[in-house]
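All chains, please: the whole structure from these sequences, using the hints.
One line per chain: the protein sequences are R and F, in this order. The first sequence runs contiguously to residue 332 in this note's numbering. The second sequence runs contiguously to residue 628 in this note's numbering.
Worth flagging that the hints you see were computed from the coordinates, not collected in a lab. The beta carbon of each residue, even a glycine, is placed where N, CA and C say it ideally should be. Mixed in with the good hints there might be a few duds.
As the list claims (entries may be wrong) - Reference listing, derived: stretches of chain R covered by chain F, where coverage requires no fewer than 3 residues with Cβ under 8 Å from a Cβ of chain F:
#1 130-143
#2 254-263
#3 309-315
Stated by the list, open to error - Quick list of in silico lysine to aspartate or glutamate cross-link-like pairs, EDC-like style, CA-CA up to 20 Å:
#4 F:K444 with F:D549
#5 F:K444 with R:D248
#6 F:K444 with R:E83
#7 F:K450 with F:D549
#8 R:K152 with R:E83
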Amino acid sequence: MSRRLAGLQEVVAPAGLVIVAALLGTLVSVSTQAYFTDTLVKVGIVVALWVFIGNSGVLSFGHISFVALGAWTAGVLSVPAGEKPAIMPNLAHFLLHRHVGNVQSLVLAAVVGGVAALVVGIPLMRLSGLAAGIATFAVLEITHNLLQYEEKIGPGLNTFSSVPETTGLRQAALGALVCVAVAFFYARSRYGRLLRATREDNAAARAVGASVYGQRLVAFTVSGLLAGLAGGLYVHLLPVQIDSVYLDLTFITLAMLVVGGTGSLFGAVVGALAVSALDSWLAVAENGTSLFGWHIDLPSGTADIVVGVLMAAVLILRPSGLTGGRELRLWR
Amino acid sequence: MTVTWQNLADGLALGAIFALMAVGIGLVFGVLRLVNFAYGQLVMAGAFALALASQWNWPLWAGIALCVAVVLVLSLLMDVLVFRPLRGQSPAVMLVATFAVAILLENAALMKFGALGKIATSVASLNQPWTIGGVDIRKISIVAVIVAAVCLGLLSLLLNRTEIGLHMRAASMDSATARMLGVRANRVISVAVLIAGLLAAIVAVMLTVQTPLVTPDFALNDTIIVLAGVVVGGLNRPIPATLGGFLIGFATGVLGGALPTNQSQYLPTFIFTAVILVLLVRPRGLFDFSKTVERV
Numbered sequence: 001m002s003r004r005l006a007g008l009q010e011v012v013a014p015a016g017l018v019i020v021a022a023l024l025g026t027l028v029s030v031s032t033q034a035y036f037t038d039t040l041v042k043v044g045i046v047v048a049l050w051v052f053i054g055n056s057g058v059l060s061f062g063h064i065s066f067v068a069l070g071a072w073t074a075g076v077l078s079v080p081a082g083e084k085p086a087i088m089p090n091l092a093h094f095l096l097h098r099h100v101g102n103v104q105s106l107v108l109a110a111v112v113g114g115v116a117a118l119v120v121g122i123p124l125m126r127l128s129g130l131a132a133g134i135a136t137f138a139v140l141e142i143t144h145n146l147l148q149y150e151e152k153i154g155p156g157l158n159t160f161s162s163v164p165e166t167t168g169l170r171q172a173a174l175g176a177l178v179c180v181a182v183a184f185f186y187a188r189s190r191y192g193r194l195l196r197a198t199r200e201d202n203a204a205a206r207a208v209g210a211s212v213y214g215q216r217l218v219a220f221t222v223s224g225l226l227a228g229l230a231g232g233l234y235v236h237l238l239p240v241q242i243d244s245v246y247l248d249l250t251f252i253t254l255a256m257l258v259v260g261g262t263g264s265l266f267g268a269v270v271g272a273l274a275v276s277a278l279d280s281w282l283a284v285a286e287n288g289t290s291l292f293g294w295h296i297d298l299p300s301g302t303a304d305i306v307v308g309v310l311m312a313a314v315l316i317l318r319p320s321g322l323t324g325g326r327e328l329r330l331w332r
Numbered sequence: 333m334t335v336t337w338q339n340l341a342d343g344l345a346l347g348a349i350f351a352l353m354a355v356g357i358g359l360v361f362g363v364l365r366l367v368n369f370a371y372g373q374l375v376m377a378g379a380f381a382l383a384l385a386s387q388w389n390w391p392l393w394a395g396i397a398l399c400v401a402v403v404l405v406l407s408l409l410m411d412v413l414v415f416r417p418l419r420g421q422s423p424a425v426m427l428v429a430t431f432a433v434a435i436l437l438e439n440a441a442l443m444k445f446g447a448l449g450k451i452a453t454s455v456a457s458l459n460q461p462w463t464i465g466g467v468d469i470r471k472i473s474i475v476a477v478i479v480a481a482v483c484l485g486l487l488s489l490l491l492n493r494t495e496i497g498l499h500m501r502a503a504s505m506d507s508a509t510a511r512m513l514g515v516r517a518n519r520v521i522s523v524a525v526l527i528a529g530l531l532a533a534i535v536a537v538m539l540t541v542q543t544p545l546v547t548p549d550f551a552l553n554d555t556i557i558v559l560a561g562v563v564v565g566g567l568n569r570p571i572p573a574t575l576g577g578f579l580i581g582f583a584t585g586v587l588g589g590a591l592p593t594n595q596s597q598y599l600p601t602f603i604f605t606a607v608i609l610v611l612l613v614r615p616r617g618l619f620d621f622s623k624t625v626e627r628v
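Rendered as structure tokens:
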């Protein structure tokens, strides 16, 4: 019993951080609150990344595809029917009159993300190392290219305007908590443990009967599901456009995961919060701000440069990330 | 879809340019086991140097000299600041780190030059067509193929006929053993990085002829395609990597010209689907015919 409790405490730190961030968000002005909401959605994406990359040790550049598909699903189904022809003139007939509520759109986004990850994973999970990195990158390129020009299923190059902005602080925090909880219980399950065994020692894991392919596929599907959910949250947060779910988002979320430490769920959450905090502060500073009495007015573009330097520095100086890839345990 | 001689010439030219980029990426991978995602940003920096030189009305040779100097300095900085400290990390960690460097350099350019970029006019004369047997072929297509052939020839002489070339080949076959036998790792790596940089500068000149508008994301998409081509060809040895780069450039060039507009917008989908298929069938590379099989 006590061992089980000791294990359960590992979810306390990441979930606690999410709750603290959300509570802090209630204390600030509305315009600053937007940064907190955005951060919590990013926590969801990074936790989704962690489920696959962290547990399998295989790199994926393709997860933003599932975020994009989730955003497209929730977005297309949430735009009020009367405004669809204006934003999406070439929308397929069966989507033109469908309209669902907020929660349903999020569930469908998650389902679409998960199914897409399963379909993509069935062939791709046989690959590892560089081949896997390039193949998942190819998935990102293909998704981006198709969503950009396929106007039957979305707005193409247009922006997803008129999607109800239901992702406030509360919905973003709840979404992030769902992601953390699913990731935690997945990692503690038989599947998560077997996958980490293949990460630590591929040959030994196979010798005890773990299917590397099967375990990776399970993780890829679960992480696609969470990425789809995060995509749904994202489209309800701000008017998404195809390039906002492409290379920049891939970069920033991978940076968050790596900076926090790919080895642990705690690392994923810490990384997402730390990099977001820095990124948001720099974004504010680009418009001029003051710190300890100093007036700071950074040129625009500084945020991305600083985050890039930080990510490279962490990889060089502390390859296992800020948390060292360990979960935080309050007691033994 | 009809393929004309023009399409083939464009394909050959793009294939030649991509082959040079593939060699640059492959050389560094050989000695460092590092996939340099930031290679395209070296090309971008060189292209901005050309654009600035033409804005200052420098003569063409001075612009090219500036381009080479900028790219070489940047390559050496990358080696000292990023590649050396990362030595010995897993390929995935190094790929993510160079991804960070790429985004960093792109944003630095964005900050310095703005999203609209600059125009390099001094080399535009090479973009004029020559008419050969009723077919218009742009001068740059011919220049690109000749330059690539000369570069690859010189490089193969260097690798096969000189001591440093021998050391580089030894280091890329088995770095640890090579070092035990007296190959100086730092020197070999610096030479490889410098040659790769020189190739990036040449690529910058040729790409700027074709696309005179230099923006911060210049060569970014090309690098992604070349990386895919290099992995498809087989990263472990220089010739398969080069062939992979050439093949994907040739396919992109020919298809980009020959497909009707409503299909050519889906060109990335076609190319990357092919990449995935090849990786699934031959994960170690299209041209890797060695018999060794990994056993556990």
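Hint-by-hint comparison with the structure:
no. : hint               : result
1   : 130-143            : holds (count 10)
2   : 254-263            : holds (count 3)
3   : 309-315            : holds (count 4)
4   : F:K444 with F:D549 : holds (13 Å)
5   : F:K444 with R:D248 : holds (19 Å)
6   : F:K444 with R:E83  : violated (40 Å)
7   : F:K450 with F:D549 : holds (12 Å)
8   : R:K152 with R:E83  : holds (15 Å)
Violated hint for the displayed structure: number 6, the only one.
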